[in-house]
Amino acid sequence: MAAKPSQDALTSVPSNDDIDTATRLELYRLQVLIREAEQRAYDLFLQNLVKGTSHLSLGQEAVAAGCAAAMKPGDLSFCTYRGHAHTLARGVPVEKVLGELMGRDNGLMRGKGGSMHLTSVAHGVMGSYAIVGAHLPIACGAAWRAQYKKQSDVSVCFFGDGTTNIGAFHEALNFAVVWKLPVVFVCENNLYMEYTPIADVTAVPSPAGDRAAAYGLPKIVIDGNDADVVYRTMNRAYDLARRGGGPSLIECLTYRYSGHSRADPAKYRPAGELERWKQRDPIKVYKERLHEAGMADAQLTAIDDDVKRIVDEATEACKAAPNTSVDILFTDVYANGGCEWRN
Amino acid sequence: MAELTYREAVARGIAQEMARDEDVVFLGEDVAKAGGVFKTTVGLLERFGPSRVRDTPISEQAILGAAMGAAMTGLKPIAEIMFADFIAVCYDYIANEFPKSRYMTNGQVKCPLVVRLGNGGGARFGAQHSQSVENWCMQFPGLKVVAPSSPVDVIGLLAASVRDPDPVIFIEHKSLYATKGEVPDGEILDSLGTAKVLRSGTDCTLIALAMMVPRALAAAEQLQTKYGISCEVVDVRSLIPLDTQSILGSVARTHRAFTIEENPRVLGWGAEIMSIIADEAFYDLDGPPVRITTPHIPLPAADVLEDLAIPSVERIADSVYRSMSA
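Top line first, the protein sequences correspond to chains X and Z.
Our numbering applies: residue 4 is where the first sequence begins, and numbers increase by one.
Our numbering applies: residue 36 is where the second sequence begins, and numbers increase by one.
No lab work stands behind these hints: they were computed from the structure.
Quick caveat: nothing in here was measured; it's all calculated off a predicted structure.
Facing chain Z, a subset of chain X residues (Cβ under 10 Å, in silico):
1) G110
2) G116
3) G117
4) W147
5) Q150
6) N177
7) F178
8) I331
Heads up, simulated SDA-like pairs for lysine to any residue below, C-alpha to C-alpha not over 25 Å straight-line:
9) X:K152 with Z:A54
10) Z:K145 with X:A125
11) Z:K68 with X:N177
12) X:K281 with X:D267
13) X:K222 with X:S209
14) Z:K74 with Z:G216
15) X:K270 with X:T56
16) Z:K145 with X:G340
17) X:K152 with Z:L80
18) Z:K145 with X:Q154
19) X:K75 with X:H126
20) X:K290 with X:A25
21) Z:K74 with Z:I93
22) X:K270 with X:Y84
23) X:K152 with Z:P85
24) Z:K231 with Z:E256
25) X:K153 with Z:L80
26) X:K152 with Z:K68
27) Z:K145 with X:P96
28) X:K54 with Z:N131
29) X:K153 with Z:R55
30) Z:K145 with X:I134
31) X:K183 with Z:E57
32) X:K287 with X:I313
33) Z:K145 with X:L332
34) X:K153 with Z:D90
35) X:K290 with X:N238
36) X:K322 with Z:N141
37) X:K270 with X:Y198
38) X:K75 with X:D226
All residues carry an ideal CB built from backbone N, CA and C; glycine is no exception.
Using the sequences and the accompanying hints, generate a full structural model.
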């Protein structure tokens, strides 16, 4: 008889090497790809080619890579306005993402959504939500559908530390546990809600982890700068969800290198904090581990070069792409394709 | 043909759609075991089981968010928000999420869901359980907004809403739940975006919605009997999409327009309709367009006060008579 699924299993993460080489290289590639694409998005912003706002995940790459690498095709991602990384991690082409940021016709949504709303249903990226907390209940609904239709996909919902102080977080957690839904809540705790340190405005030290007990869930706080740790933890959480064991809440400790958004120079950081976190840079850490495991430098350099080429080509394609067509201003308000609200 | 209450029509409409399509699921507070606080969903749990008819915590954001996530991934959820006033605590979904998901994603995301609201006054519930919130929902491109006034319309419009590929806010009137009407046997399916002329007339058009429809009909009867004023009564039924052709057609026949609105005055649905009439039927009019509304005040609880606030048959008849004889 199979053991009864339990969230308790998640609290111990094995330290022995259980991740195969192909997955290791994929985790490395995803992190490098996100780093390169995010850096490029910032450069394009400085060139005034990316308009509006953008919220970068520089420094947080291990969370997106680890979570996505553990997913199966058909699993669903629900992201926030800081969603470039999670979108890229599911395999959405860099060109589509940069094109969307630039308002070009080749953009993922042809410029109708922009940086904060990246969506690619074909890749399981079910949206990036720019109202803090809104997508936690939405992820519950997708998980309810899987439960009701006896489908095996998991809904994975990403959000920041600041989200743990909004009502929808608490409604969704309670709802998911009571209905035992196959949803995994991933809190990326990067220490700042926007400009304000999360510790200044939160009643408990671990904004997600310390709330878990209120919903009968174990406290799971992991190193979000270690892609292996993220990958292993998510594998177990997804598996638990697929086996009918219900939701998990996982807090990943990480750090963003840039400000909250493009307008934020992040002057609120204490001196030396950024530098300390950069010593534990997720890509640096991961590269060292791969070296220790005997991976040839040339193999990793080949990945770096390949990623750089992809991002360069995507950038050039976006610069060459026409602006989005004005014809789409009035399309897709309603399901008939148009915007008519009266006869 | 059977006589059904508006309340029973809600349950029959939901049941009709759940029996037809197993992707139709239903969630809300006290809707399953208790059959709804207004007893509008009695028997659904027993007939369709606990996986399709689900009680939720008092978590309006979770209810609407879950409905959206389910709709985006293939189900056709019906969500109940017990009192319409409560959409203020989950307004994000109505304002920001449902209506924009399709547009923002360039058509990738679909959101075919229905949110049922217990709307309106007359039950002495006071300012936070009596409001008419149609205009809270009308202002977001991407949403549809429906408000039936009779049992047969409840079933037909609910069926049309469930089958509609867009998010629909389905506004039931609490004070109509006990009212009765003839309902044909078998499947009933109406269409959104269609107004109905319920009484033909030649002197003026009374444009009404939900509980104001029976009051407008009674006022029309009084105006005919007492003053010989012949009123045409149009039940708007669907605010978005709006059947302006039926409304403008009636105004072209009668040359006078009155809206009868339960909502407080400022920015009520009638203001939008009157602006369309002013724009497109100005030369059809023989007199000023008149809006008859609740004053711009919160609704009081005491019966004598509430009755004074919401347009009554007498006030409607008096306002129309005074304007017509000015």
